[in-house]
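Participant: Given next are the chains, with one letter for each unit.
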Amino acid sequence: MDVTPRYLGGDSFLGRRDPRVLLLVPLLYLVAVAGVGDLRGVAFCALFAFVYYRAAGIPWREVRKNWIFVLGFTAILVVVNSILTDALTVTARSPELFTVPLTGSVVSMATLSYSLTIFIRYVTLAMVGFPVAFAVAPNDMGVAFARLGVPQRLAYAVDLTFRFIPSVAASVRETIDAQRIRGFEHKRKGNPLVRLKSLKPVVIPVTVNALVEAEDTANAMDLRGFGGGRRTWLRELSFGPADYLVVAGFLLLAAGMTAAEVLGFSEEVWIP
Amino acid sequence: MIVEVHNVTVRYQGREKPALTSVDLTVESGELTLVSGPSGCGKSTLLRLLNGLVPHSYRTTVDGEVLVGGKSTAKQTIRQISTVVGTMLQDPQKQIVGTTVEADIAFGLENSGVDRGSIRRRIDEVADQVGIGHLLGRASAELSGGELQMVAFAGVLAMRPKMIVVDEPLANLDPRAGSRLLRAIRAFVDDGGAAVVVEHRVEELLEIRPDTVLYLEEGRTQYSGPMEGFLRAAPVGHVKLPFEVLVSRAAELPEPVQPPPATPRPGDEPRLSFHDVDLGYGSRVVLRDVGLGLAGHERVAVLGANGAGKSTLLRAAVRLVEPTRGEVRVDGDPVRERSILSLATTFGYVFQSPGQALFSPTVAEELAFGPRNLGWDKKKITEVSRTALETMLLAEEPGILKRPPRTLSFGQQRRLTVALALAMCPRTLILDEPTAGQDLRTTTEFMARVNAIDSVESVYFITHDVDLALTGADRIIVVDRGRIVADATPVEIAKDEGLWTRSALRETSLVRAARAHPPGQRSLAHPFALARTHHLATSPEGNTLR
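Protein chains in written order, with numbering that gives the first Met the number 0: chain Y, 0 to 271; chain A, 0 to 545.
Among the clues, some could well be false.
[What the hints assert, rightly or not] Using C-beta positions, here's what the derived DEER-type ranges look like:
no., chain 1, residue 1, chain 2, residue 2, range
1, A, D288, Y, V50, 50 to 58 Å
2, Y, A168, A, R501, 47 to 55 Å
3, Y, L147, A, E141, 41 to 49 Å
4, A, R482, Y, L76, 49 to 57 Å
None of these hints come from the bench; they were simulated from the model. All residues carry an ideal CB built from backbone N, CA and C; glycine is no exception.
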């Protein structure tokens, strides 16, 4: 399994943006859609998310598997929580369409409308989140967080995470190989606890080695003066007009949707 | 003086025996000092003393005086010391923290608050200096071991230290990459800097002409002085000395213990054979056009530079790599018809790092893991475990079966990983870089033990160490840039002068000496025996005797 972070943004519109824009937009979008119960409202927000996602220029073939996972996982989550069970309460009343066998959940037009709203909300959140993973250059992450006010040590930890993901992945592969020749097999079926326990021959060596190596890396960082006073970040970030425009657009969306919610325009489930 | 160490004794907390006892060392500008000695002699502690990790990061008691830039290290922070002393760790993977080469070189300067313009100028300056300008935009994760080492060096130089300390620069590098780094260190010293290099491969270090040598054993100074004196005084068999030195000290050389060469039996099916094979991972082909047969009774070294494809070749034997073309056979049958587990009773594959295998709370459980997966009963598991421990000389260790494997010393852990393979009763052992990062004595003892295992018919080992291949095998397969470029006896390999110029291998003094070896013999005599023969052939006494 290749877990190396992939930078796919290239020279796209979002790829050229200040990385802080790509970190801020998902937060603003979350504010915009968080309280929206009306399908029309969330569909309106989805338009923004779709245009934004397309602007990242992420090639479909590179992220097809990721999208299959997101769509599949979200669909299961929504169907289980709002159709098969009554975990997500729909207060609006509409004529009953059918009753789910076994669970006895009553499905109405309101239920379907609300389920679709939730589905679109989660999928579009992933849509605005994808550019963070694929369109921010790995070495821009730390400085972006630092310039957003995150403490320097924590911000650099983000950079380090990206640096060491390939090493940890290589260590996992090597350890699996070392144990396979002694008969290790990862159980994919059966009791989850037994399956988890069967991972011991891989998890323990990888964890212990990572801890030992982390000590050496911490020493190496100390020896290069990390954690002292003021730190310069070589990468210079500056907001351009297009960056302001994107953030302002999502800021307006967030403000507008919050206002609509406060005024009671988007809170109710829409029944066609 | 940049560094002064006066009568220093260091004790780690919780350990009775000092790691260093009454050690003295001074280093000034323009001086290159070699610190040598066997594993556990205190080299690393001395290095930590110079860069301030001792006493600031390790709980230790330090008696005596350590001055860096004229001030006591105890009274400076690691950050202050780092402006004078730059450090290169043994494994550059752990030292490089930037996601790109440029980001890593900038790291120390960013931490010092240097302005962006100056950082950019210094990056270009050091990249030119160490010849890595073409790598600046590359991701660190994509670099080879040699490139990583040069980037780590550039990151240290960017901070403009007065002195650099370098921990075993050759431990993880193939000879050519190692040589490139050593020349860069010498250039730094020639430009007015100073360096302390910790290394037990003395022969390779001669290329950069160390001015002084400090030789330690069990934490105490055994020699301190110029290189010429050290070559006369160094304990043979403990550090790797040039062959010419062995010849000049022939009278002192101990009687070598050399296992008899393994003899292939005529008519035997090859244990492992490759038929027009390409090997790789996914769409990436690492080795092309492999056609080979390795016998059931021979010692084979697979020799080549890092990343040449050596491990890929032998991992195909246990199906950790599948051929993208052609067929791999084990004892005449296609390997794809065997499960990985069933192959463990044919090949005992031992990985480079013991840490990758050890996960059980006790040695007994660790040893039982493989045999249990083979479905063997408790009685048989106890029996094979005991035999494996005895074979690897671990059975005498008090309470060994109940000890957590990771509490064993590194050398014991390495022998335990061989015991884990032996517990599955293989007929052939495959060792991946069996002696990487170990001193000469440990290497010699380890290989002698492995070659003396009665139950094992053949040993195939992967190495980038030319001398180990020459002295430890009856046959050498040279892998270079994804192809098999030579397959011959050690003597033939040594005599093939073209091979040493056209491949990434680097000639050693033993290679040159082996060229005088009589043709027709499969394996090379032990370097000590060879040195005595050369001495007899060249000295007046020898001529008289003959």
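Participant: Provide an ascending list of the numbers of those earlier hints which the structure does not satisfy.
Facilitator: 2 and 3
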